Amino acid sequence: MKRSVIDTVDLSKEEVQGLLDTAMDIIADPAKYAHACAGKKLATLFFEPSTRTRMSFEAAMYELGGNVISMTDAGTSSATKGETVADTVKVVSNYVDIIAQRHPKAGAALVSAVNAQIPVINAGDGGHCHPTQTFADLLTIYREYGKMDGLTIGFCGDLLYGRTVHSLMSAMARYEDTKFVLISPDELKVPRHLIDDVVTPNSIPCEETASLEDALPKLDVLYMTRIQKERFDDIEQYERLKSSYVLDAEKMKLAKPDCIVMHPLPRVDEIAVEVDEDPRARYFEQTYNGKIMRMALILKLLGDQDPAHTYPGGPFSLWNEAMEDNAYRCTNPKCICAAERSIRHKYYVAKNGSKRCVYCEQ
Amino acid sequence: MKRSVIDTVDLSKEEVQGLLDTAMDIIADPAKYAHACAGKKLATLFFEPSTRTRMSFEAAMYELGGNVISMTDAGTSSATKGETVADTVKVVSNYVDIIAQRHPKAGAALVSAVNAQIPVINAGDGGHCHPTQTFADLLTIYREYGKMDGLTIGFCGDLLYGRTVHSLMSAMARYEDTKFVLISPDELKVPRHLIDDVVTPNSIPCEETASLEDALPKLDVLYMTRIQKERFDDIEQYERLKSSYVLDAEKMKLAKPDCIVMHPLPRVDEIAVEVDEDPRARYFEQTYNGKIMRMALILKLLGDQDPAHTYPGGPFSLWNEAMEDNAYRCTNPKCICAAERSIRHKYYVAKNGSKRCVYCEQ
Amino acid sequence: MKRSVIDTVDLSKEEVQGLLDTAMDIIADPAKYAHACAGKKLATLFFEPSTRTRMSFEAAMYELGGNVISMTDAGTSSATKGETVADTVKVVSNYVDIIAQRHPKAGAALVSAVNAQIPVINAGDGGHCHPTQTFADLLTIYREYGKMDGLTIGFCGDLLYGRTVHSLMSAMARYEDTKFVLISPDELKVPRHLIDDVVTPNSIPCEETASLEDALPKLDVLYMTRIQKERFDDIEQYERLKSSYVLDAEKMKLAKPDCIVMHPLPRVDEIAVEVDEDPRARYFEQTYNGKIMRMALILKLLGDQDPAHTYPGGPFSLWNEAMEDNAYRCTNPKCICAAERSIRHKYYVAKNGSKRCVYCEQ
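Protein chains in written order, with numbering that gives the first Met the number 0: chain A, 0 to 361; chain B, 0 to 361; chain C, 0 to 361.
Extracted from the complex, chain A is given alone in its bound form (with noise of 0.2 Å):
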């Protein structure tokens, strides 16, 4: 078993820190990195599609002189054969040297860390971690103030469901003096879970608000995410807030001189287009920071593979300590453990004393 990075979190803070170092000195220096991944191949291996994500990480692998082979077809081929997520990484790690595996299940990523040869990184697991988008945003933040302490971040939108939202709001909480100001309508506000697990135990300040326009003057970082229809059962409700979570140039007045934007994309119309032309956008950047991140990350992971490591890789990992019992099981029905059969069944006792799967932490 090799080094993978399922979550943000199984980089510690100071590995983080040395990713975040690493990016800076490729963007300093690219040519340094020209051949640093020769005769490396990295399979991005799609089990649906991300078409972004996979262009990002198939653009990192080059800019490090390694070569791609591309899996956008996975799950429409062995998959449709009845073969197991487990088995398709064995046999894949006869091919490649690093996978970038996405998969619409919780918990897949995990499934494939433990059985291939390689390392694996989580490209999309579901609505469970996207690491390598928080990873582009950290980075995104990095470059502008040259620290992550202190910080006052606002997200605004969907923060119910909002993967990004919740995984960089984790990573931001490991840092000092950081502040989140939560901007979003009533039906959307960050799960209680977020709230007890990240905000609560590290006594970051967090204000919740419905309006946009309050919050702004107060953030060095405007976090967007879009709201969508389908969250509302009140059609009326939702366009009657629509509006007021769009971001505009006249809204961008309210901002700081130096307040960033930031979005995941694809946007649809949260940030109009006028403040594409705003000094102060970053969303586009942040897709050039991603493929930088996950260069950093390509040579981390092939180059760090000290045999001390235990899996997933710090002092995050559930894995090792999960209780094994093929008598548990899972109850989500977006988990891995639903739709693939040969799991190996593990639960850890959460601090409310229920006991989650270590797949989808649920």
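Derived by calculation from the structure, the hints in this document are not laboratory data.
Mixed in with the good hints there might be a few duds.
To be verified - EDC-like mimics (lysine to aspartate or glutamate), calculated; alpha carbons at most 20 Å apart, straight line:
1. A/Lys89 with C/Glu284
2. B/Lys89 with A/Asp268
3. A/Lys250 with A/Asp157
4. B/Lys89 with A/Glu269
5. B/Lys89 with A/Asp277
6. A/Lys228 with B/Glu82
7. A/Lys89 with C/Glu273
8. A/Lys89 with C/Asp96
9. C/Lys89 with B/Asp275
10. C/Lys241 with A/Glu82
11. B/Lys39 with A/Asp277
12. A/Lys89 with C/Glu212
13. B/Lys31 with C/Glu276
Only a predicted model underlies this, so the values are computations on that prediction, with no experimental measurement involved.
Following the hints, complete the assembly by docking chains B and C onto the known chain A.
For chains B and C alone, coordinates are given in the frame of chain A:
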């Protein structure tokens, strides 16, 4: 904004000659170019499949020593999440150095060219333009005759809808002493605007005939295209006409000894397989020439980024002189304007005084 | 016409040994081959998806320092425009140096081999042949025993439809003192023609049994395959039989200490996951060996273009001696003859005096 190529005539006659010269040099000494694009990446951004065109661009980039990121699923991924083409190319600009784009809507290549930070090559935008096919055609003629002047070109088949025919006519109209012979049934004659815009202004002798047999003895080049059943209201009419536009060994006896036969491929049955053995057949060599001209074009666009160039590069450009007017609306349902939001609406005034959309030119 | 490989037996026994020797050398010193195909391109021309086979070829080409153009959408692109396989490979010959082709119809690989200007490797043509799978199997055996003679091979499961079984039987029949043990239910016994054409002429001792337990102690190699429900008229019969052909740790106790277990993959449940830990399991290593043998084969075909070779290369070829007769019509609905126009119809006369189609050999 970098220099891009949307249409054949975005390059001046001299620049096309430059491509032909580069192409001849590549053919003579491919090793000289084997590392010309080392460290560079091409994205083949295909919003609709076109396997042959995509493979040709990818082969071209590899023969220049570069790498390729393939996006054959562009239409099923970001686009289904409601992302605009403009946003997609802004992102892809962060991953690669040059884009070859295919899209089902007219004008989509122009949208990309004005939004990308990198050069865009139009690999087909609906029925609008497909310049690299025409460059392949030009090289095929040039390799045969060593010149472009003084040739009689016969176009046979569907001259009404055949994009490749219209484009090659426009390209050949720039040379001295070109003659056209237009061979088609009445239902599929060259559209009036092509006569008005291309043939008449350039005083090109132009003969129209329904008989391939009559035309054949006069031609230096025969450009075949397919007649599609769907174009005919009267199916009996179609059946009666069809065989008269099928080229076979018997009809080839009527052609000059050095008359070359071209076809944009794929063919169905408009050229009998027996003609493949005829030394005058050039339709498979055309695909080789297409690869070579794509190499020449990639080299030019990655190298030739003279800031003095206005987009898209030559005296034929309409973008800069077109009027931006958000009250103006293009009415062509096949135009990118009808498919995307956040389009900058622009028109120019045609010779007959009507307003034409800058994207689809209708 | 270049030398291509449609079937395992297109290579002589000595040539197969050459592949095995090259493979062993690649395993011993991969760096020696890391640039062997620099500047060369492979097209994976897949008219139906087969992700694993495609990835294996692509990994092989990259490990030789070459590049890959991937055509996973072959079936949805040119083909839907009515292009023949013959025309497609004539075009692709202008883009790359060698083709690995997958197609749902028997004989499609032969059509490509006789039309391409470059070598074609059959990566599966319907139920007909899939030689590189068999080469992987041979290397797996050779790595284990250091020889190919004197081995007892057990084939278990669906021996009636299992293409990999038939192909490995034909390949092993060429070695000295080979013995077969055929383990299957009555419904799925090896087809008569295989006994007549392969087993009997080579005087191979051949035992047929319905019991995996009885067979196991005798075997040097156990080749497992899946039994598909769809093959049974009587579903109760299937349910009753199924478990008796499932290999588990218990049954493995009956096998010799050095009996290796092979499977073409993907497996469903015919080998219990617990067997993966058994040191005799070789089915994942087989995929590694497949990559290595594909490297050896690509090297051979790109290097070994002796003009004295007749197609497809050995004494086993039927193409040159087959009769061309456009009045002859193959009646196999799964043959490429039934799917394509412009096919050259050819037959040869089998030992029993019947005419057989040169493409599907039926």
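Structure-based check of all given hints:
Our distance criterion of 20 Å between C-alpha atoms is met by A/Lys89 and C/Glu284, whose separation comes to about 9 Å. A distance of roughly 16 Å separates the Cα atoms of B/Lys89 and A/Asp268; the hinted pair therefore holds under the 20 Å criterion. Restraint check for A/Lys250 and A/Asp157: the C-alpha separation of about 19 Å stays at or below 20 Å, so the hint holds. A distance of roughly 17 Å separates the Cα atoms of B/Lys89 and A/Glu269; the hinted pair therefore holds under the 20 Å criterion.
Straight-line distance between C-alpha atoms of B/Lys89 and A/Asp277 comes to about 15 Å, which keeps the hinted pair within the 20 Å bound. Our distance criterion of 20 Å between C-alpha atoms is met by A/Lys228 and B/Glu82, whose separation comes to about 16 Å. Note on A/Lys89 and C/Glu273: the hinted pairing holds, with a Cα-Cα distance of about 14 Å set against a maximum of 20 Å. The suggested pairing of A/Lys89 with C/Asp96 is violated, with an alpha-carbon distance near 31 Å, which exceeds 20 Å.
A distance of roughly 11 Å separates the Cα atoms of C/Lys89 and B/Asp275; the hinted pair therefore holds under the 20 Å criterion. This hinted pair checks out: C/Lys241 and A/Glu82 have alpha carbons roughly 18 Å apart, not beyond 20 Å. At roughly 30 Å between alpha-carbon atoms, B/Lys39 and A/Asp277 are farther apart than 20 Å, so this suggested pair is violated. Distance hint between A/Lys89 and C/Glu212 is unfulfilled; the C-alpha atoms sit about 28 Å from each other, more than 20 Å.
A distance of roughly 52 Å separates the Cα atoms of B/Lys31 and C/Glu276; the hinted pair therefore is violated under the 20 Å criterion.
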